[in-house]
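With the hints in hand, could you dock these two chains into one complex?
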Amino acid sequence: MKIVSQKTLLEAAHNLMFDIDEVELEVLTEEYADLLEAIEQMKSIPNIDHVKPMVFPYELVTDYLREDVVASCLSQEEALKNASKVEDGQIVIPKVVR
Amino acid sequence: MDYLSKNIYEIHEALVNKKVTPLDLVKEALEKIKKDTNNAFEYVYEKEALKLAEELSKQEVEVDNPLWGIPFAIKDNFSTKDIPTTGSSKLLEGYRPPFDAEVYARLLNKKAIPIAKTTLDELAMGGTGSSGHLGKTYNPWDESKTRMIGGSSCGSAAACAAGIVPFAIGSDTGDSVRKPASYSALVGFKPTWGKISRFGLFTFAASLDHVAYFTKNVKDSALLLNVLGGHDDKDTTSSSLPMEDYVSEIKDNSQPYTFAVIKEIYDDLKDATIKRAFDSLISELKQKGHKINTVSIGLPLVSAIYSAYYILSSAEATSSNANLDGIKFGTYKDADTYEEMLFKVRTEGFSDRIRRRFVIGSISLLEENQEEIYLRALRCRRMIVETFNKVLESNDAVILPASPTVAPLFGDDTPKKSFNKDASVSDNYLAFANLGGYPSITLPLGFEDNMPFGVNITSHHFTESKLLNIAQRVEDITGLKDLTKK
Chain X
1 MKIVSQKTLL
11 EAAHNLMFDI
21 DEVELEVLTE
31 EYADLLEAIE
41 QMKSIPNIDH
51 VKPMVFPYEL
61 VTDYLREDVV
71 ASCLSQEEAL
81 KNASKVEDGQ
91 IVIPKVVR
Chain Z
1 MDYLSKNIYE
11 IHEALVNKKV
21 TPLDLVKEAL
31 EKIKKDTNNA
41 FEYVYEKEAL
51 KLAEELSKQE
61 VEVDNPLWGI
71 PFAIKDNFST
81 KDIPTTGSSK
91 LLEGYRPPFD
101 AEVYARLLNK
111 KAIPIAKTTL
121 DELAMGGTGS
131 SGHLGKTYNP
141 WDESKTRMIG
151 GSSCGSAAAC
161 AAGIVPFAIG
171 SDTGDSVRKP
181 ASYSALVGFK
191 PTWGKISRFG
201 LFTFAASLDH
211 VAYFTKNVKD
221 SALLLNVLGG
231 HDDKDTTSSS
241 LPMEDYVSEI
251 KDNSQPYTFA
261 VIKEIYDDLK
271 DATIKRAFDS
281 LISELKQKGH
291 KINTVSIGLP
301 LVSAIYSAYY
311 ILSSAEATSS
321 NANLDGIKFG
331 TYKDADTYEE
341 MLFKVRTEGF
351 SDRIRRRFVI
361 GSISLLEENQ
371 EEIYLRALRC
381 RRMIVETFNK
391 VLESNDAVIL
401 PASPTVAPLF
411 GDDTPKKSFN
421 KDASVSDNYL
431 AFANLGGYPS
441 ITLPLGFEDN
451 MPFGVNITSH
461 HFTESKLLNI
471 AQRVEDITGL
481 KDLTKK
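If you read the sequences in order, they're chains X and Z. For the first sequence, this note's numbering assigns the number 1 to the initial residue and increments by one for each residue that follows. For the second sequence, this note's numbering assigns the number 1 to the initial residue and increments by one for each residue that follows.
Keep in mind that the hints were calculated from the coordinates and are not lab data. Any given hint might turn out to be false.
[Unchecked claim] Quick list of in silico lysine to any residue cross-link-like pairs, SDA-like style, CA-CA up to 25 Å:
id	chain 1	residue 1	chain 2	residue 2
1	Z	K328	X	E78
2	Z	K328	X	S72
3	X	K85	Z	A335
4	Z	K81	X	V70
5	X	K85	Z	K344
6	X	K52	Z	T236
7	X	K52	Z	I297
8	Z	K421	Z	L365
9	Z	K110	Z	E28
10	Z	K18	Z	Y43
11	X	K85	Z	K90
12	Z	K234	X	V69
[Unchecked claim] Here's a subset of chain Z near chain X, in silico, CB distances under 8 Å, partners left out:
id	residue
13	Y9
14	Y95
15	P300
16	M341
17	R355
18	V359
19	S362
20	I363
21	R379
22	R381
23	M383
24	K416
25	N420
Even for Gly, the Cβ is constructed at its ideal location relative to N, Cα and C.
Bound-form chain Z, shown alone (with noise of 0.2 Å):
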């Protein structure tokens, strides 16, 4: 029987009914990742996810806690004690912290089963899901091998895509869950920046780093959010606003929301089955009472959430990344002198990707540039923050494709820029959910040659409640929820 394609509650609802243990779960999940091979993980927890699984399987199942006994897997740049992680770098090679990050204590304070350790794009800078030190992370649905799962968060959507977990944890700083939902038919959720503790995490760019995770439907996700949301006394920018149960505030009622198109991104859609199935669901939600404003905010501030988003990010990132020399912890190098050990640390431990960004990030921060880089990038931040918050203070919430395309070929593996000045902004603008901390949700809106695409919705700093509300009306049209590659 395969439960792992199941969604949560489901998997839950056949442990308490004695159908499964958490012993057979675990088996399940070990057979699926021995077969998997789309290169989605670092580690795989054998012998700890049997011995955890044994233990539970005696005990009784605890039936207020849907997460009991239920295998997971988890981004590789959240710290694990004693269990490597390297953040997919050949740097961290070997790095076992001493420590848990808060999101994974939780989940083993719930009795979730950790199975895997996932792959990412090196230390969750990149959207291809290629650049780590494995290399590619192949898209479930894409039996060629050709076509990419997206990034950075590659590991954690394909694992939760294939069935051999049903959520699985990421992290989001640019769109790094939410474009991988929208390629793998998954839902991606980022909470409010502050949210979710980022204790344990390893720091990309502080200011936009969020912790986000993958699920098959809306209700995990908000189950998710009751057990990971919260204050964490070791996060100083975790949030000490009061928590809701997410799941009960999620109403089958007809409260009609008000909904903004950008109309620049909107625009700016040139697939024309995504165009319809976006259109479609636009006209389901009129139908149904709800409002549709198209909100025009400019192109150049558009065109402008991708390069603000890599400048500051690239800038935070050179910094946050400066401990890593293999000296305390990671690949240690031999050499004559210091100096001679750390350039051979640095330069064999990072991609070239990774090394072209923190020049950029350097760069930017020399003082004759940070006028004219760093602080514009940052102006620039608060013109793109202060016009969404207007957009959202008189829409719930704004809604657009997730991504323009279905997942989007690999290409040839010569180095290429990261940045690019003519990227499209309807590929580029899920940046300002992270420039701005807000709320934002990406749940599959369809299908083209077999291959899925998603839809994005995004509302103010802590409204999950309602985000979650409108989240579930849209699943509820689509009727697009629980899917697998099989």
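The shape of chain X in the complex, shown without the other chains (with noise of 0.2 Å):
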């Protein structure tokens, strides 16, 4: 298992739009080591890593499909109303391309 820097978890939070303070840094340093080594007893499961990996609580069966009928869905005043900053219609965000 490889150690993670502080430099990767404070890339990671950059990565997420997002800044961490020097003493959440330490916090979250400490809190990942933990979690590693968490990892690490995983390891002691018999046949841990010869099962499928498992994304839902159990075997989903989508049995149905939706009628391909014409549904309601937001106005553009509904969509709209939750912006902060509204124009013509269209949210106002700051210039992307400069």
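In structure tokens, the structure reads:
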């Protein structure tokens, strides 16, 4: 198991579009070290690396299809109601291309 | 007269007998909310509830509809049309959803009266009831205000325990209803994954999230399942299996059941009062003809429940909350560039616990770590679920104390690890029912220094009828029901 550096943790935070301060980074580093140890311990479960990953709680059977009918959706007014800055029916954000 | 400390059926009877009206009930709830000091509410439906109650009070009571005119509270991570819905996150302050969650719509359809949106650990991630943007939610049973009620469904638990509402809706991704129920002398029930539609519930971890709720007794829990359960086209994970009448399926019979006690979890119990109360319950069950099997599934597997849960829930949470950017909804922050704006919104909008959790989830999903971390946790999930499937195939239910202690103290406010490798297995095992999607219920078991603690019972997928029958047997033995801290 490779040890993840604080630099990697900080990069991950930045990729998630937020910052973390030094105190948080210390706690995160300890937390992550604990998690890596817990993962090491998982290896002691017999046969663990020979079973298929399980994504859902049980084998999910979707046994229906929705009818192919026109359904209502949000109006433009409803869709924009929660946006802070709206002009001419569009949401305003800072320029992406300069 | 204090009606709201009663259970749903008792309040319904009072409504039918015209001893009280929906308007009286709403006024009582609003009065209690004004006096409440537990910080349990995000939004109070003062005008809306009074208006609805006035309308209902002019109508005939629906005698066959026990939810008619009954005030309820709902966790603030359920979408409620045009009503502020924050998930107790700073980032979502001011958000008013344009639609209703399915469970909320079903309750409105039954003419139950929403009285409040309740606090939670931010975005339902956490078990302390202290990480929401409004701060700590207190346990009504603890007058010193030093003990938590647990989370993440802290406000719903506090509202129900304080007798402000006879039932409250929550969500349970790891134990977020069943653990607070243990700390507040309530019944906390999470039916099978897929049994209740999650449409309109803020997604935390889709493969683990369940709608769950608090009531004062088992019969009320069965009643709510009748209303909230059943297929919903709007939730693709919603089960199409037929519903039953869960209230009438609770039979007064002496059918013997077989219970499994997981040895490694039982052996981890240290609190003598809780152990004694649990042992006493087991003895009574045996005396009544039920069979108890002590089952060992190995400490490594039991210890892995919490770590697998933590990795998987964090990985899913990172992805499902990527849409929180303050642009379409939520708290927007002005900035010169798009990136700067996103950084401001997400740094200032999320608490440190949420940010750390997202980093852990994200690191687990990196290509170079996927096999070692994320996929191993998924393999571990299969081992845990297949093991419990076998246990539940040869036993009717798993029974254990819901928590190894009474409600813990809050401690100081310095940042602390949310994941701890030394966490006790008896304090973190309930997530097995989320990993496996099993129906699981917590009931009051006893008191220690006037603080409650509970017992948890879990059965196989879609065996709610059996589970509620078992829970009724246990409630009959303990005699602990309809409890309110006054």
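Violated hints - listed by number, lowest first: The structure conflicts with hints 10 and 13, although it agrees with all the remaining ones.
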